[in-house]
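Quick note, the sequences are listed as chains A and B, same order.
First residue of the first sequence? That's 1 in full-length UniProt numbering, and the numbers climb one at a time after it.
First residue of the second sequence? That's 1 in full-length UniProt numbering, and the numbers climb one at a time after it.
Wrong hints could be hidden among the right ones.
Each pair may be met inside one copy or between any two copies, as identical chains are not told apart.
Computed list of lysine to any residue pairs in SDA-like fashion (alpha-carbon distance at most 25 Å, straight line) [unchecked claim]: (1) Lys52 x Gly70; (2) Lys24 x Gly10; (3) Lys213 x Glu121; (4) Lys59 x Tyr43; (5) Lys52 x His75.
Keep in mind the hints are simulated off the structure, nothing from the lab.
Note that the structure is a prediction, hence the values are computed from the model and not measured.
2 protein chains.
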Amino acid sequence: MNALADQKLGAADIAALIRREISKGSLQLHDRLPPERVLSETYGAARGTIRKALTHLEKEGFVETRAGSGTYVVHKPDETSTNAIRNATPLELMDTRFALEPHICRLAVLHGRHADFDRMEDLCNRMEECLDDPVAFSEADTDFHRALAECTRNGLLIWILDQIANVRSEDDWTRMRHLTLDSRTIGIYNVQHRQILNAVRTREPERAANIMKEHLETARLSLTRASET
Amino acid sequence: MNALADQKLGAADIAALIRREISKGSLQLHDRLPPERVLSETYGAARGTIRKALTHLEKEGFVETRAGSGTYVVHKPDETSTNAIRNATPLELMDTRFALEPHICRLAVLHGRHADFDRMEDLCNRMEECLDDPVAFSEADTDFHRALAECTRNGLLIWILDQIANVRSEDDWTRMRHLTLDSRTIGIYNVQHRQILNAVRTREPERAANIMKEHLETARLSLTRASET
DNA sequence: AGGCTCTGGTATATTATTGGTTCAAAATCG
DNA sequence: CGATTTTGAACCAATAATATACCAGAGCCT
Chain A
1 MNALADQKLG AADIAALIRR EISKGSLQLH DRLPPERVLS ETYGAARGTI RKALTHLEKE
61 GFVETRAGSG TYVVHKPDET STNAIRNATP LELMDTRFAL EPHICRLAVL HGRHADFDRM
121 EDLCNRMEEC LDDPVAFSEA DTDFHRALAE CTRNGLLIWI LDQIANVRSE DDWTRMRHLT
181 LDSRTIGIYN VQHRQILNAV RTREPERAAN IMKEHLETAR LSLTRASET
Chain B
1 MNALADQKLG AADIAALIRR EISKGSLQLH DRLPPERVLS ETYGAARGTI RKALTHLEKE
61 GFVETRAGSG TYVVHKPDET STNAIRNATP LELMDTRFAL EPHICRLAVL HGRHADFDRM
121 EDLCNRMEEC LDDPVAFSEA DTDFHRALAE CTRNGLLIWI LDQIANVRSE DDWTRMRHLT
181 LDSRTIGIYN VQHRQILNAV RTREPERAAN IMKEHLETAR LSLTRASET
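Please build the complete structure, drawing on both the sequences and the hints.
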């Protein structure tokens with residue numbers, strides 16, 4: 001997700017990737033990492049580069065390496081990214097968004113300011129340039145929903161939405177989600193985003209909430225449609 | 001990505017964007033930023049401009065740059081996100097519950113089972129024995145709302161509600177909350193809890209949601225009433 | 001025990017990449 | 001207009017990355 005797709009990976013990048021695997025729990029305590037020569041292939045980097053990454057991780061205490069044997073994980077997974085949030089299914093996530101986002105619309109009407117709306121306008125524009133770029137659209141889409149949450153001035157709500165966004169970004173079904181994003185679907189979303197923004201701007205809480213429900217319903221439909229294929 | 005059609009970005013704008021990426025968590029501790037030459041392309045600015053932005057960020061302590069290597073995040077761990085939950089105000093919390101719990105009622109109607117309802121019934125009984133014991137009541141009350149969330153079978157929602165419950169327990173205003181809990185108020189809550197349980201049992205989603213809203217409204221009132229004294 | 005293979009550890013010469021610097025032209029803004 | 005910022009380009013020095021070869025310990029099998 002870091003900016004560019006297939007950029008060449010440096011030692012620091014690889015260290016970051018592995019560090020995240022460990023924090024996330026995909027690599028658990030005492031697991032052995034693949035041999036350096038294999039990692040070198042999977043990450044498309046020379047062995048020396050992998051080596052530097054591992055040395056770095058060892059100094060940080062994430063990993064321990066035993067000559068002739070392998071390198072092993074020595075770190076408990078990060079507490080903050082708990083199982084509940086990692087194992088959330090797409091449907092659980094949709095239900096949660098159904099709970100939160102319509103009400104966020106209402107609160108945004110109450111507490112949103114002009115600067116917020118201008119920012120959301122920018123994001124709408126950006127999304128409308130992304131009809132054929134699902135990845136860029138997704139990014140802007142996430143930002144839009146976060147900007148909406150920021151309107152509420154409610155740190156707790158924003159935090160919760162961020163957690164949810166993390167679920168969305170780290171997942172296999174992010175890929176699946178991108179598949180459902182043909183230019184027609186993106187077009188529909190764009191219209192709905194505009195409508196939401198307008199309703200918030202004109203201070204119509206229930207209308208904004210209802211359009212948001214509609215928006216989420218659209219998203220849920222394309223989700224179930226995708227999982228049937 | 002998004003560069004081409006965007007308006008022109010100055011050094012300050014770019015610094016702000018990157019700062020945002022760091023605060024949001026997309027760029028974590030020890031991550032290496034893309035090379036200046038790449039950033040210059042993605043942000044549609046000259047390298048010198050990027051350079052200024054980075055120099056600025058370095059002075060602010062967000063980033064550290066090593067010649068020949070790259071520029072790295074030194075994560076000033078973001079206070080707002082980790083403490084968002086601890087610093088939540090009572091009103092923020094009420095708004096969040098207003099978003100979540102009515103919809104949780106609807107989902108509970110969909111997915112709740114007899115065993116769940118029996119458990120909630122027990123908790124209602126327990127609460128009704130607590131007319132004069134605010135602390136014990138609060139405990140059972142928290143359990144009741146969690147049991148309701150468990151009906152949804154949605155791990156993500158349950159997790160979120162648990163986080164919120166943690167906010168509630170750790171706070172000074174827990175004490176304040178106990179003050180508002182005279183036996184009359186507890187009595188009202190008990191009636192509302194019963195009504196919610198019944199509506200969920202008889203599978204009336206909107207009725208359950210509406211009573212929950214009423215319930216939260218009652219709680220919010222006694223909260224504001226308490227903070228005025 | 002002996003032999004084989006897989007593992008990390010080390011060394012090195014070469015190439016590629018990155019930040020650091022400078023400068024003059026162009027663009028922007030008050 | 002004048003002041004400031006941005007641009008684009010070139011070049012430098014520091015560092016990282018690659019490719020290759022060889023070593024030594026661990027583990028497994030006969």
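Status of the hints after comparison with the structure:
In the homo-oligomer, the alpha carbons of lysine 52 and glycine 70 lie at most 25 Å apart both inside one protomer (15 Å) and across protomers (15 Å), since each shortest distance falls under that limit. In the homo-oligomer, the alpha carbons of lysine 24 and glycine 10 lie at most 25 Å apart both inside one protomer (21 Å) and across protomers (23 Å), since each shortest distance falls under that limit. With identical chains, the CA atoms of lysine 213 and glutamate 121 are at most 25 Å apart within one copy only, with a shortest distance of 20 Å there and 32 Å across copies. Taking the shortest alpha-carbon separations for lysine 59 and tyrosine 43, only the intra-copy value of 21 Å comes in at or below 25 Å, while the best inter-copy value is 33 Å.
Taking identical chains as interchangeable, the C-alpha atoms of lysine 52 and histidine 75 lie at most 25 Å apart whether they share a chain (19 Å) or sit on different chains (21 Å).
In this structure, none of the earlier numbered hints is contradicted; all agree with it.
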